[in-house]
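Given next are the chains, with one letter for each unit.
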Amino acid sequence: MTLLSLQQLTKTFGGLTAVNNVSFNVDEGAVVGLIGPNGAGKTTVFNLITGNYQPDRGQITFAECELVGLRTHRIITLGIARTFQNIRLFQQLSALENVLAGCHYRMRGGILSAMLRLPAQQREEADAIARALRELEFVGLSEQALTVAKNLAYGDQRRLEIARALATQPRLLILDEPAGGMNEQETEALIGLIGRIKARGITLLLIEHDMRLVMRACEKLVVLEYGGKIAEGSPDQVRRDPRVIEAYLGAGDDE
Amino acid sequence: MNRIDGWIAGLCAALLLVAPLLLNAYWVDVLNSVGLYALLALGLNLILGEAGLFNMGHAAFYAMGAYTAAILNTRYQIPILWTLPLSGLVAGLFALAVARPVVHLRGDYLLIVTIGVGEIVRIALVNDVFGITGGANGIFGISRPNFFGFIIRQPQQFFYLIWGFVALTIFLLLRLKQSRFGRALNYLREDAVAAEGSGINTAYYKLAAFGLGAFWAGMAGCLFAAKMTIISPESFSFWESVMLFMIVILGGAGSIPGVLLAAFLVIGLPELFREFSSARMLVFGLVMMVMMVVRPQGLLPARGRRFG
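Going down the list, the sequences are from chains R and W.
If you read the first sequence in the working numbering, its first letter stands for residue 1, the second for the next number, and so on.
If you read the second sequence in the working numbering, its first letter stands for residue 1001, the second for the next number, and so on.
Excised from the complex, chain R in its bound form (with noise of 0.2 Å):
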């Protein structure tokens, strides 16, 4: 069943055109690449499905829901998560509190709750705590729960990033680079840990570079050039792709 579908997608940026009539499906359950070469519009795709930036022209459906039009916080609530390529987490905070955002949009206490403790909001409260701890414990943060983000190692400050999208209890979970920057055997945990996401049910797309990974995590992948889709299929298909393999190594010319 198709959970996501990105229909005709444009976008421009002054006289770029930075995607350019991109169309494909994301099924529920799977976990999909995005990849091309760097300036190929893959973050820019993020950022129309999550709503920071509009379309000119296209439709987004997740879920049978039209994305295209919703502020960034509504389409969040409607199960969709992300990471960011230059990792985004509220550095002075410690990473309890950074996976306690994800957490917020299912709470429901405000400030007179807050002020005279409620009953109902102590609960929430410590509900919210023990599903944050939780998550910090699915990615392998128990131990630094209470350090303060910036202090996370690189690798960590991933993670947390992904423990954070996870408390918002996401249907799809969007990661962009999620391997960016980290050495061999992060990675390989990193590849262990989409794996047990996706366990949980959770379909992934996800921008990546770094091909062992792509090649071995995703069942499908979606190639971008330009802000245009060259190729569409499984890895093995991709791969062979006499388009693809031009675009990343360039035109073969002088055979």
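Derived by calculation from the structure, the hints in this document are not laboratory data.
None of the values given here were measured: they were computed from a predicted structure.
Where is the CB? At the ideal position from N, CA and C, for every residue including glycine.
Possibly wrong hints are sitting among the right ones.
Here are some chain W residues pointing at chain R (derived, C-beta under 8 Å) [claimed, not checked]:
{"#": "1", "residue": "R1144"}
{"#": "2", "residue": "N1146"}
{"#": "3", "residue": "G1149"}
{"#": "4", "residue": "R1175"}
{"#": "5", "residue": "R1183"}
{"#": "6", "residue": "N1186"}
{"#": "7", "residue": "Y1187"}
{"#": "8", "residue": "D1191"}
{"#": "9", "residue": "V1193"}
{"#": "10", "residue": "A1195"}
{"#": "11", "residue": "E1196"}
{"#": "12", "residue": "S1198"}
{"#": "13", "residue": "G1199"}
Got chain R sorted already, so can you dock chain W onto it with the hints?
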């Protein structure tokens, strides 16, 4: 809060509790000013310290509260303390109305807009807007607060009213800090894009920060009107907004103990060095500059919440 913090807080509270018995009326009045500024700065701390929204027009909300209280009291004979919630409400609603179109602005731009709002309010008051603010002379003849039949008139009596309110404010704000609402403000300050991307309605929380901070400023304005019995636009000048901004940044944005300490230093110290007359402001300015260079995080920076 660990045990040492608890002892320090208890000691400070005890000292304050007996201060009116040991000090003369003049110094008690200085402490009353410190208390009012502490209230205002705690409200501004929500906007500037917790949510990271640059607001240098806080005096406008203070003025809204003070004038609401004064007008209701002098025109409609409503007891001054009864106007407390309404003063807060008017200031809060005013803040929501002015913040709504500009709250998406970032840092320096928002700062300039809020300076403009502060000036507009002051000038409107001077020009006797709607014929109810009394122009440059302001409003006089505000009645003394009547606390269940007990009329508050001495500085010592005001001391307990004002500092009682400060204590209540601290109590409530500490609780707010450890809640979904308090955290949401911090997420805004740290990274609004990531906050929105985590499902937090950032526009709503920016407005809520302004509304709640202004609500407190409005209530402080009501207490100010009750204490002075006469208010005029000059009490709500741009300089007041600047002082409050300084108190929050100097104390440590987002830190309640820091804001309280800074209120004492910024309001109390110039009084302590009164004999040096205008030279004290020179020293004061210099101290500010040195502070920002050597300790940009503030005197008592906010510390992480302890869980469990």
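We went through each hint and held it up to the structure:
The criterion of a C-beta within 8 Å of any C-beta in chain R is not met by R1144(W), whose closest approach is roughly 29 Å, and the hint is violated. Look at N1146(W): its Cβ only gets to about 27 Å from chain R, farther than 8 Å, so that hint breaks. Because the closest C-beta pair between G1149(W) and chain R is about 29 Å apart, greater than 8 Å, the hint is violated. Against a cut-off of 8 Å between C-beta atoms, the interface hint on R1175(W) holds, since the closest Cβ of chain R lies about 5 Å away.
A cut of 8 Å between beta carbons decides the hint on R1183(W): the least distance to chain R is about 6 Å, and the hint holds. Given the 8 Å rule on beta carbons, the hint for N1186(W) holds: about 6 Å separates it from the nearest Cβ of chain R. About 5 Å separates the beta-carbon of Y1187(W) from the nearest beta-carbon of chain R, less than 8 Å, and the hint is met. Contact between D1191(W) and chain R, as hinted, is supported at the beta carbon level, the nearest pair being about 5 Å apart and thus within 8 Å.
With a least beta-carbon distance of about 6 Å to chain R, the hint placing V1193(W) at the interface is held under the 8 Å criterion. A cut of 8 Å between beta carbons decides the hint on A1195(W): the least distance to chain R is about 7 Å, and the hint holds. Because the smallest distance between the Cβ of E1196(W) and any Cβ of chain R comes to about 4 Å, under 8 Å, the interface hint for this residue holds. Hint on S1198(W) holds. Least Cβ distance to chain R is approximately 4 Å, under the 8 Å limit.
Here the hint on G1199(W) is kept, as its CB sits about 4 Å from the closest CB of chain R, short of 8 Å.
Checked against the numbered hints listed earlier, the structure breaks hints 1, 2, 3; every other hint is satisfied.
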